[in-house]
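Protein chains: 4
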Amino acid sequence: MKVGILGATGYTGIELVRILSKHPNAKISYLSSKHFESQLISEVYPGLQGICDLILEGDDFKKAVATCDIIFSTLPHELTFEIAQMVMDAGKRLIDLGSAFRFDDFNVFKKWYGSNDDIEYDKFNKVYGLTELNREKIKNAQIVGNPGCYPTSVILALAPVLKNRVVSDKNIIIDSKSGVSGAGHEPKFSNLYSECNENTKPYNVAKHRHIPEIGQELSKIMQEEVKIVFTPHLVPMTRGILSTIYCNLGSDITLNEVYDLYQEFYKNDYFIKILNPGKYPSTKSVVGSNYCQIGFEIDEHTNTLIIMSVIDNLVKGASGQAVQNMNLMFGLPENKGLDIIRIFP
Amino acid sequence: MKVGILGATGYTGIELVRILSKHPNAKISYLSSKHFESQLISEVYPGLQGICDLILEGDDFKKAVATCDIIFSTLPHELTFEIAQMVMDAGKRLIDLGSAFRFDDFNVFKKWYGSNDDIEYDKFNKVYGLTELNREKIKNAQIVGNPGCYPTSVILALAPVLKNRVVSDKNIIIDSKSGVSGAGHEPKFSNLYSECNENTKPYNVAKHRHIPEIGQELSKIMQEEVKIVFTPHLVPMTRGILSTIYCNLGSDITLNEVYDLYQEFYKNDYFIKILNPGKYPSTKSVVGSNYCQIGFEIDEHTNTLIIMSVIDNLVKGASGQAVQNMNLMFGLPENKGLDIIRIFP
Amino acid sequence: MKVGILGATGYTGIELVRILSKHPNAKISYLSSKHFESQLISEVYPGLQGICDLILEGDDFKKAVATCDIIFSTLPHELTFEIAQMVMDAGKRLIDLGSAFRFDDFNVFKKWYGSNDDIEYDKFNKVYGLTELNREKIKNAQIVGNPGCYPTSVILALAPVLKNRVVSDKNIIIDSKSGVSGAGHEPKFSNLYSECNENTKPYNVAKHRHIPEIGQELSKIMQEEVKIVFTPHLVPMTRGILSTIYCNLGSDITLNEVYDLYQEFYKNDYFIKILNPGKYPSTKSVVGSNYCQIGFEIDEHTNTLIIMSVIDNLVKGASGQAVQNMNLMFGLPENKGLDIIRIFP
Amino acid sequence: MKVGILGATGYTGIELVRILSKHPNAKISYLSSKHFESQLISEVYPGLQGICDLILEGDDFKKAVATCDIIFSTLPHELTFEIAQMVMDAGKRLIDLGSAFRFDDFNVFKKWYGSNDDIEYDKFNKVYGLTELNREKIKNAQIVGNPGCYPTSVILALAPVLKNRVVSDKNIIIDSKSGVSGAGHEPKFSNLYSECNENTKPYNVAKHRHIPEIGQELSKIMQEEVKIVFTPHLVPMTRGILSTIYCNLGSDITLNEVYDLYQEFYKNDYFIKILNPGKYPSTKSVVGSNYCQIGFEIDEHTNTLIIMSVIDNLVKGASGQAVQNMNLMFGLPENKGLDIIRIFP
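Protein chains in written order, with the UniProt record's numbering: chain E, 1 to 345; chain G, 1 to 345; chain V, 1 to 345; chain X, 1 to 345.
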């Protein structure tokens, strides 16, 4: 199948290139970049020399839609809505790595993203693309709203205990630590090496745009409103997210029972790995791969369940999951072209 | 005054050397090291050449006590109890950077540290050395149990709101991120560069030895038992601790009122900096210095107060606070020899 | 084919596991580890859970040889000589990632490695495993001495200009920068995170054991004795080697002509990428992959050719090249199982 | 004395603030910043809160000159020439951390910096500010051209052997490795964390603007034209420069004799530390301090002297040396306010 990547030189864009270049069923046919238009992608990223030497095109989205079977977009939502319409009209497929199609209620989107878009949101045949939870719907979706990196790490970690109602829906505390690539490929002061290196810092505390996305999905899983506190942090590494999540245990349950519950919940999920009781995940165990590892601990003095999950923010948290969804949409095995082992050390 | 440092080649030891070498009232007179005995400290750490060229001595603690006015110990508790007795007998002073003298109840110490020591703990004239909270007692103490790095960052952050009872004592969630120097100068697999670099990982979840220390001090501040959940993490940087703390607000209070409360609480404390509402601390703002910076946010949906504090784990979290205490014990201005600005970038 | 890895938990060992786990023609059948004997490899390295869950065996080399078609050894030379004999006797194949089989003259090996081994070195049917230069011989070798990481980066960079005699054989200056994983998976002070992080340092200046290996191979290429100066450095990153090499240009030659010469020399080599004139390589362009990138510049004021090459020290500099050699030895396409794109960012 | 810093928010600017804030004889009176005009410097850099809370002013250089005894400029040369004229007219002093006043021959400056300035360069009473070599001239200079970071590390390393003519003036190879802060506080792609982290790369090979500066000063020392090859590299750390320098030994000389020669040459220089034969410098031994450490090795096979020097690029390589020069200009001890020990680890 022919794929196009709109916004191919950002970090999620080139990660798509890395994965799709070796995908046995995909052929990259169209790449666009605003910053680097008309250069070879292998000039911008010399590591791609001889692997992907396409010319980066500009904004000719019509051509992209016309020549590709599936489009991956990493562009701002204004543009994505345009592209989505073209894709719908042409009967093609779209996976949006931005935030445009992650929401059930357009007003929530508009409020948190400061959008003035005036569109008929519900006309789009779209699905929230957290593969493990929405697998069947994704298969037939025309448009997939690929989840945010933090939401992926959080929702996968919480789904089993919320679904089984072993924790309270009140005051779920989520403390996430992300590598700096999560802040994007943007030349601004706060992304500079010398500012980020040897530095750990919280940001957008209780205000991050992933909050409504996490809340929406958790509430659907539990079938009542789930309230979360979410604090993202930047830590000095390039890739990886660790989410440490604190919940009140509503019932008497042992660590082994929690383990069994997760094992059962994810028994058919290739990319989810549950760690044995007493083991905790580290980001380095998944970097470069599409895996999510989940571990837990119980603090008995306070009856708190501590869930820890790790993903590579650019793979399972973005481009890897997007390809996982593409595989589903085209009837391929979910791990096709994604069966990559983490880099260690 | 003449100072001795027992265990001078660990990270807190050489940090004491860094600070005390330039302290106008101190003269380093005795350094010991088990690993590097009889070498020059400036051979082990060439950056000290011409600055401190003393020979590292072995275990002659008697000589140390005899020739020094004050001893800093970074040794294991078994040895520290021995040294403490010598110090008491000789009428000298001791600041212990280990855990031996941080507890009110010896049984708590024995339980958490797996100690079989059979000593008369209460005979020691000792004080918990969190300077800002115990200033008066420290002045006259013979033995100071210098606080742990995590407890320093946590207790300073929580004292104002616990003292003023604006938060609940239930389920205080503490999520701390530490640089790797906190794991000590020990050649083991988990401390290797290639394991720690590009890696974020939780450890000792709900089991870390700093839990009883934090609990003890917070409970004294609030005058009732405070229950905490504590998860430490290692992040890939050398120095710095960020503690992100989540508490239930017990009362209606605005962000500005919280700010005022902290400003008032720490108005006479040279090394505590309260950040304006809306600003959050980053570890890099204090690295190399004895400052603690504190910021906060309120999550209104859940009525949660999020407190964030940063220190340099080797300075305010260890050797800097030790020198701050030494200054107090010898009637010097608290910031003498400690008035060092952070390194940035 | 069945493969065994002796010393599977060091960095080159687990890199072999990473690559071979997904190799379509290989089946990992035997893993050994002295440190972690009888644990699952996926317990030691949780990132391998569900990917490779073999038990780490001890020193039963006989069993390894008996059950495998090819053995990869990362063990010390004393042990490797033993294993090599077993392999010879059993008519199997061996790829040694240590230094035991890299030399033509056993006395050179003994001198530089302080070895007292008393063996008949020449009886071994062995080849120096720099794939691009010794391809034909490797196909039929029973034992391959896999090159060192620095020599790989240096010899590939220099072969074209030495072979074509465009540079002088005198005073070739080689200044190499390596990531810390090159120092191995050994718990010693100099490998600790806090010592290596934010630090660049030369080591073994003019004394490194890779000097005779480089000298031997370059001299064979040029058919006269080549004299080199070699300074290795550790830089604070996990993976990657950059070698910056300075040679006196013996003849009038332009940058474009140098480029053409390299292109011609490596025209059939899948993993060697020559950069356009004016472009210089960076280690990040190859990390995680088996590629070597080479760029150059001419300093006209001094008539100096500056050659810069980058590899991933654990892939092309060790385990990747070993698998490349295995492919050759078993009649497979050279890039089978190795067609991995670098991780970026 | 009252000091002004023009361009106070770049990395050399805030390093001046760090040092001068605690200088016993200096009072920071004027700070300017184009980007952050009219903000408090402690808002831009929260680590300065309570330490330096001045408002950042704009381009009112007249006011700066009028109110200060000495001006430090980190601005582009066009502006610096303007300011220099004002300083001359007002009888004040200027230390320029840019490149405007580092050259003897204005044409060399114009050629390498692409400048079209049409000024009377020789009217300025200026000195090249490498303190150890030009101490007497600096005392009375009105304008000091503070050296570049690479030149400082290189010239200090080579001066003793060039002065004493123990090495050849031909083909001196200089391979320098710098932390990323050397690339400045500028938001561009190549300075982003995710591009620089885990990456080592050469840049401006044989073309860097520090080449003529190094050549000029070395030639003066040797009193004949010295030809150098210079390759700068960026390594993933914030601070520090290591220069590894290769020279042909012109005469028979032992390592111990080289050591004695350096010791003698720098016997009165507080900030220069010569390492014992067999010891090599590492950047971490000087980070945060104004020291320069120098070590060496002889490669006997090629008769090559390898000199290695380390400095902190922002201290001895920029702001520290600037303050050292200021001390000289005002009759103060050279190490006043600069007696800072490196941060380790």
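Please note that the accuracy of each hint is not assured.
Copies of the same chain are indistinguishable here, so a pair counts whether it falls within one copy or spans any two.
In silico DSSO-like links for lysine-lysine, alpha-carbon gap of 27 Å or less [stated by the list, open to error]:
hint: 1; residue 1: K279; residue 2: K34
hint: 2; residue 1: K62; residue 2: K267
hint: 3; residue 1: K267; residue 2: K27
hint: 4; residue 1: K170; residue 2: K207
hint: 5; residue 1: K22; residue 2: K207
hint: 6; residue 1: K139; residue 2: K267
hint: 7; residue 1: K170; residue 2: K336
hint: 8; residue 1: K336; residue 2: K22
hint: 9; residue 1: K34; residue 2: K163
hint: 10; residue 1: K2; residue 2: K22
Calculated from the structure, these hints are not laboratory results.
key: Hint numbers contradicted by this structure   = 2, 5, 7 and 9
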